[in-house]
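Start from the sequences and build out the full structure, keeping to the hints where you can.
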Amino acid sequence: MGNETEYTFVGDQKEEAAMTPTLTPPPETVALPGADERCDRCSAAAKLRVMIAGGGELVFCGHHANKYADKLVKIAVQVAVDPEFSWRGTELMAS
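Each residue of the sequence shown is one higher than the one before, counting from 945 in the working numbering.
These are calculated hints, taken from the structure and not from any lab test. Warning: the hint list may mix true and false statements.
Stated by the list, open to error - Distance windows between CB atoms, simulated:
1) Arg-1032 / Val-974: 16 to 22 angstroms
2) Gly-998 / Glu-1028: 25 to 31 angstroms
3) Thr-1034 / Ala-989: 16 to 22 angstroms
4) Ile-996 / Arg-1032: 24 to 30 angstroms
5) Arg-1032 / Glu-1001: 18 to 24 angstroms
6) Ser-1039 / Ala-979: 18 to 24 angstroms
All C-beta atoms, glycine included, are put in the ideal place defined by N, C-alpha and C.
Pasting the structure below:
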């Protein structure tokens, strides 16, 4: 049997050994608060959405977003602010 051909199949150990198993998830983006969303602290319209390190999200009205800005800046991974709202935390994150 001098005419042996070596075939490589997807999933073959030789091919797997040559590959580097690195998975990079797509970057997550935080959506702006929707018009129908309400603050987690009261029933006012949401102006700020904060994604925290554990993957959870918090949504706040303008009043509570500014009230808790100092604490939110420390735990926020990503932030989405309603374009018509001026959040105090934006300045804190910049410094």
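What hint numbers does the structure not satisfy?
-> Of the numbered hints given earlier, those the structure breaks are 4 and 6, listed in rising order.
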